[in-house]
Amino acid sequence: MMNKHINQELLYGVYSKSFLIITIILITLFSVIIFMNYNAVIDKYHDYTWTLMSFEGNETAIEKALAGEFHVEKQGNITHVKNPLLYHKVMTERYMYTASPEYMHLQLLESSIVFNPIVFGLLGLIFATYDKKFKTIKIKTVRISKKNFSIIKQISLAISSLLIFISALAISYIIAVGVYYRLLNIVPLSNFVTDVSLVNISSIFTKLIFAYIIALLFVQIGYILGVIFKNRIVGIMALMLYVYILPAFGKYDLYNSIKLVSLRVFDFYGVVRISQITETTLFNAIIIIMTVFLITIITSTIITSKRSSFNP
Amino acid sequence: MIEFEDFSKNYSKKSIISKSNFKLKSNNISFLMGPNGSGKTTLIKCMLGMEYYNGKIVFDGNDIDKVRDNCLVIWDDCPFYTNLSGLENLMILGEGKKSREQIKEVAVNYLDNDLLRKKVNTYSYGQKKKLALLLVEVLEPDYLFMDEISNGLDYEMMRTLTKKIKKWAEKMSILVTGHQFSFYNEIVDSLLVFKDKQIIISNENFNKSNKSLEDIYDEQTY
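As you go down the protein sequences, you meet chains A and B in turn. Residue numbering for the first sequence follows full-length UniProt numbering, beginning at 1 and increasing consecutively. Residue numbering for the second sequence follows full-length UniProt numbering, beginning at 1 and increasing consecutively.
Since the hints were made in silico from the structure, they are not lab data. Do not take every clue at face value.
[To be verified] To spell it out: a stretch of chain A is covered by chain B in this simulated footprint if at least three of its residues, at any positions, have a beta carbon under 8 Å from a beta carbon of chain B; those stretches are:
| hint | stretch |
| --- | --- |
| 1 | 11-18 |
| 2 | 138-145 |
| 3 | 305-311 |
[Claimed, not checked] List time: in silico DSS-like cross-link candidates among lysine-lysine, alpha-carbon distance up to 27 Å:
| hint | chain 1 | residue 1 | chain 2 | residue 2 |
| --- | --- | --- | --- | --- |
| 4 | A | 147 | B | 97 |
| 5 | B | 66 | A | 135 |
| 6 | A | 306 | A | 133 |
| 7 | B | 167 | B | 23 |
| 8 | B | 208 | B | 167 |
| 9 | B | 208 | B | 166 |
| 10 | B | 128 | A | 135 |
| 11 | B | 211 | B | 25 |
| 12 | B | 13 | A | 306 |
| 13 | A | 306 | B | 19 |
| 14 | B | 166 | B | 66 |
| 15 | A | 4 | B | 119 |
| 16 | A | 4 | A | 146 |
| 17 | B | 98 | A | 132 |
| 18 | B | 119 | A | 132 |
| 19 | A | 135 | B | 98 |
| 20 | B | 119 | A | 133 |
| 21 | B | 56 | A | 147 |
| 22 | B | 25 | B | 167 |
| 23 | A | 4 | B | 128 |
| 24 | A | 4 | B | 98 |
| 25 | A | 17 | B | 128 |
| 26 | A | 135 | B | 104 |
| 27 | B | 128 | A | 132 |
| 28 | A | 146 | B | 66 |
[What the hints assert, rightly or not] Partner residues aside, some chain A positions facing chain B, computed with beta carbon under 8 Å:
| hint | residue |
| --- | --- |
| 29 | 4 |
| 30 | 134 |
| 31 | 135 |
Note that CB positions come from ideal geometry on N, CA and C, so glycine has one too.
All chains, full assembly: derive it from the sequences and hints.
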């Protein structure tokens, strides 16, 4: 019986183009990461070739520099690099690797920590508010109880989030491969091959699951904000304020906990970096994430069940 | 049959509907008569568990949650997704009971295909009413409640609708409310009225009596 009502929600997402718009937004944001990595390769490669020119063809000096080591020292706002030729070569190699099909999908998953909160929060807000906005809740809650109405919305959000995330990831990956082949026309790959041993050994599956959990968590947060405020603008502003502007609320902060877990799951070897976090244990972080997830499910279901379908 | 046992409705301490006991027969068109604000729409909300009430409402021996799936209400304001086409609305709210082609076939009697493909925000109030009637044809519920259904309909549609409602009643239990008595005179089987905030059955065989709803309304002196 629930299936037909889940289908209703998914059909609305398709017909209203909400799914399409959310997928396009996510692809656009993923593309920002792809082009940031593209620019990083180009910048570092240019730095390398400029430094190489300063050697004026002195092969012995070049070989000596490349066989040596480099040091980076920071003094206030100024960064001193000893052996810049090797440094720029290593950095070019690094960003070439993260731009490659071998790493790019992992980098896209890493970026989900930055983008999923807003993108999937928006999806949750849309689903929480559209039946109120059009008053169609008056038709739907005749044929299903308000409790089931809320549960169905949340199941539909979980399904649609997975489909949107996978689709956006797949399309962005294809874009990334195209961009990488363009890079190969500019940067001679044979000069910039490196062996990379990454710290985190979590499987691609674990990374994918964690990125989806972030989507799921924020789709729920968006949903409950929509249920409470009945307004998408207020909800999205609250989300942006929390994720991007306000500082972390200490070790019990949700976003801080997500960042901490992500450091264990992802490598952050490319252009995606995490800002400073408040130290807490992995156990605490997982408990906080799970608690918030459960609270959003239970609270939104209770509020929807108690609230009249006729209140604007 | 829908049975009301010691049914009453209050808003805080204010009584809206006093303790009432009555039954709505199966495959019957029941008409609830009452002035604006008397509690007609509130009764429908209570029947569907959308508002708290005192007493019991039983649908063929079942609680509303057992039969909810077989109920449909056509509200006076006809809510639809105005950002979608009429056809898309029927595909969503029709719960997959009929295919796109089947819906188009049924729609012929109500709205033409061109209009059905247009967004609902371009529809007139009457066209939205027709779309709601089309939803009845798609869902084919066992229990149908229609709040002020004749409002906004053109004369031709009202004539068609009287025949349709009679045909629907062969399979559905129908409760209607409204004020355009001339429309309802032809179709009503049994009549319920508000008397001193109580709902009572005024005439179980209204269709066999020679009275009109207008006469009965005058007798009630609301």
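- Query: Which hints from the list above does the structure break, by number from lowest to highest?
  - Reply: Hints that this structure does not satisfy do not exist here, as all of them hold.
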